[in-house]
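*Asks:* Residues per chain are reported as follows:
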Amino acid sequence: GENVEQHPSTLSVQEGDSAVIKCTYSDSASNYFPWYKQELGKRPQLIIDIRSNVGEKKDQRIAVTLNKTAKHFSLHITETQPEDSAVYFCAASYTGWIGKLTFGTGTRLTIIP
Amino acid sequence: NAGVTQTPKFRVLKTGQSMTLLCAQDMNHEYMYWYRQDPGMGLRLIHYSVGEGTTAKGEVPDGYNVSRLKKQNFLLGLESAAPSQTSVYFCASSYGGSGAQETQYFGPGTRLLVL
Numbered sequence: 101g102e103n104v105e106q107h108p109s110t111l112s113v114q115e116g117d118s119a120v121i122k123c124t125y126s127d128s129a130s131n132y133f134p135w136y137k138q139e140l141g142k143r144p145q146l147i148i149d150i151r152s153n154v155g156e157k158k159d160q161r162i163a164v165t166l167n168k169t170a171k172h173f174s175l176h177i178t179e180t181q182p183e184d185s186a187v188y189f190c191a192a193s194y195t196g197w198i199g200k201l202t203f204g205t206g207t208r209l210t211i212i213p
Numbered sequence: 034n035a036g037v038t039q040t041p042k043f044r045v046l047k048t049g050q051s052m053t054l055l056c057a058q059d060m061n062h063e064y065m066y067w068y069r070q071d072p073g074m075g076l077r078l079i080h081y082s083v084g085e086g087t088t089a090k091g092e093v094p095d096g097y098n099v100s101r102l103k104k105q106n107f108l109l110g111l112e113s114a115a116p117s118q119t120s121v122y123f124c125a126s127s128y129g130g131s132g133a134q135e136t137q138y139f140g141p142g143t144r145l146l147v148l
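For the protein sequence lines, the chains are A and B, in the order given.
Sequential numbering of the first sequence, starting at 101, is according to my numbering.
Sequential numbering of the second sequence, starting at 34, is according to my numbering.
In isolation and in its complexed conformation, chain A is listed as follows:
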């Protein structure tokens, strides 16, 4: 089955700086890669996703890049703000799994004021 590795497990950045979280996946058939944000005590919520037919997607301060050849994808947050502090999870799936996502182990991002 699919295996998703996520790094780093913790990340601290100064407010206003950029943060990058990286994930690798094992199954070359995977073609859908969402990112979820989970604030303390809350539910995971989708913040951005990318499909295998594109290499990059942006949404305001958040962007995701995908390298299918290397089987890795990354989340980029620019101009970080205190409200960006949370745990971020990457995930991967492909059509044959009927929406079954395999999640990474999460990155705890702390924004230092």
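Rather than coming from a laboratory, the hints here were simulated on the basis of the structure.
Please note that the accuracy of each hint is not assured.
No more than 27 Å apart at the CA atoms, straight line, and that leaves these computed lysine-lysine pairs for DSS-like [what the hints assert, rightly or not]:
| hint | chain 1 | residue 1 | chain 2 | residue 2 |
| --- | --- | --- | --- | --- |
| 1 | B | K90 | B | K104 |
| 2 | B | K42 | B | K103 |
| 3 | A | K168 | A | K157 |
| 4 | B | K42 | A | K142 |
| 5 | A | K158 | A | K171 |
| 6 | B | K47 | A | K142 |
| 7 | A | K122 | A | K168 |
| 8 | B | K90 | A | K142 |
| 9 | A | K171 | A | K157 |
| 10 | A | K142 | A | K157 |
| 11 | A | K200 | A | K171 |
| 12 | B | K90 | B | K47 |
| 13 | A | K137 | B | K47 |
| 14 | A | K137 | A | K122 |
| 15 | B | K103 | A | K200 |
| 16 | A | K200 | B | K90 |
| 17 | A | K137 | A | K171 |
| 18 | A | K200 | A | K157 |
| 19 | A | K200 | B | K47 |
| 20 | A | K157 | A | K137 |
| 21 | A | K200 | B | K104 |
| 22 | A | K200 | A | K168 |
| 23 | A | K157 | A | K122 |
| 24 | A | K142 | B | K104 |
| 25 | A | K137 | A | K168 |
| 26 | B | K42 | A | K137 |
| 27 | A | K122 | A | K171 |
| 28 | B | K90 | B | K42 |
| 29 | A | K122 | A | K158 |
| 30 | A | K200 | A | K122 |
Computed far set for chain B versus chain A, every beta-carbon distance over 12 Å [said to hold, decoys possible]:
| hint | residue |
| --- | --- |
| 31 | P41 |
| 32 | T48 |
| 33 | D59 |
| 34 | N61 |
| 35 | D71 |
| 36 | L78 |
| 37 | Q105 |
| 38 | V147 |
Where is the CB? At the ideal position from N, CA and C, for every residue including glycine.
Using the hints provided, position chain B relative to the given structure of chain A.
*Replies:* Only chain B this time, still in chain A's reference frame:
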């Protein structure tokens, strides 16, 4: 429109007791999922359903059973709780369909402690 809701929010069980967690969604989603979340391990799929009356095993199904008698509800049962089942349980749902790669919407979670 409440989205995905879960009942109860928190529960304490003794080893060997049984309980049922209820998940309900009002978005007319076909697919529903149960995950458990443990520190340092992300979210792991327990069971899922692709429609009313169907269920299937996920990554960590042992010790759990599920039922989807109504499209809007997905029940997770623990027949004989064990301390290893102490976790936070999340339900999720998505539109589904043929070849679906749809956004999963999560419920608020149920925190379960097994003593």
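*Asks:* Hints first: check each against the structure and report whether it holds.
*Replies:* Here is how each hint holds up against the structure:
1. B:K90 to B:K104: Within the cut-off at roughly 18 Å; holds.
2. B:K42 to B:K103: Given that 27 Å is the threshold and the Cα spacing comes to 21 Å, the pair holds.
3. A:K168 to A:K157: Given that 27 Å is the threshold and the Cα spacing comes to 14 Å, the pair holds.
4. B:K42 to A:K142: 12 Å, holds
5. A:K158 to A:K171: Holds - the C-alpha atoms of K171 (chain A) and K158 (chain A) are around 19 Å apart, at most 27 Å.
6. B:K47 to A:K142: Measuring from Cα to Cα gives roughly 26 Å; hence the hint holds.
7. A:K122 to A:K168: The given pair, whose Cα atoms are some 14 Å apart, holds under the 27 Å limit.
8. B:K90 to A:K142: Judged against 27 Å, a Cα distance of about 26 Å means the pair holds.
9. A:K171 to A:K157: The given pair, whose Cα atoms are some 16 Å apart, holds under the 27 Å limit.
10. A:K142 to A:K157: Given pair K142 (chain A), K157 (chain A) holds - Cα atoms ~26 Å apart, limit 27 Å.
11. A:K200 to A:K171: Cα-Cα ~18 Å, so holds.
12. B:K90 to B:K47: 25 Å, holds
13. A:K137 to B:K47: 32 Å, violated
14. A:K137 to A:K122: Roughly 14 Å separates the two Cα atoms, so the pair holds.
15. B:K103 to A:K200: 21 Å, holds
16. A:K200 to B:K90: 11 Å, holds
17. A:K137 to A:K171: 22 Å, holds
18. A:K200 to A:K157: This hinted pair holds, its Cα atoms lying about 22 Å apart.
19. A:K200 to B:K47: 31 Å, violated
20. A:K157 to A:K137: Given pair K157 (chain A), K137 (chain A) holds - Cα atoms ~17 Å apart, limit 27 Å.
21. A:K200 to B:K104: 18 Å, holds
22. A:K200 to A:K168: Holds: K200 (chain A) and K168 (chain A) sit about 19 Å apart, inside 27 Å.
23. A:K157 to A:K122: The hint holds at about 15 Å.
24. A:K142 to B:K104: 25 Å, holds
25. A:K137 to A:K168: 23 Å, holds
26. B:K42 to A:K137: Satisfied, since the Cα-Cα distance of roughly 20 Å is no more than 27 Å.
27. A:K122 to A:K171: 11 Å, holds
28. B:K90 to B:K42: 24 Å, holds
29. A:K122 to A:K158: 16 Å, holds
30. A:K200 to A:K122: 21 Å, holds
31. P41: 15 Å, holds
32. T48: 26 Å, holds
33. D59: At roughly 16 Å from the nearest Cβ of chain A, D59 (chain B) sits farther out than 12 Å, so the non-interface label holds.
34. N61: N61 (chain B) clear of chain A: closest Cβ-Cβ about 16 Å, beyond 12 Å.
35. D71: 10 Å, violated
36. L78: 6 Å, violated
37. Q105: 17 Å, holds
38. V147: Fine: 20 Å to the nearest Cβ keeps V147 (chain B) off the interface.
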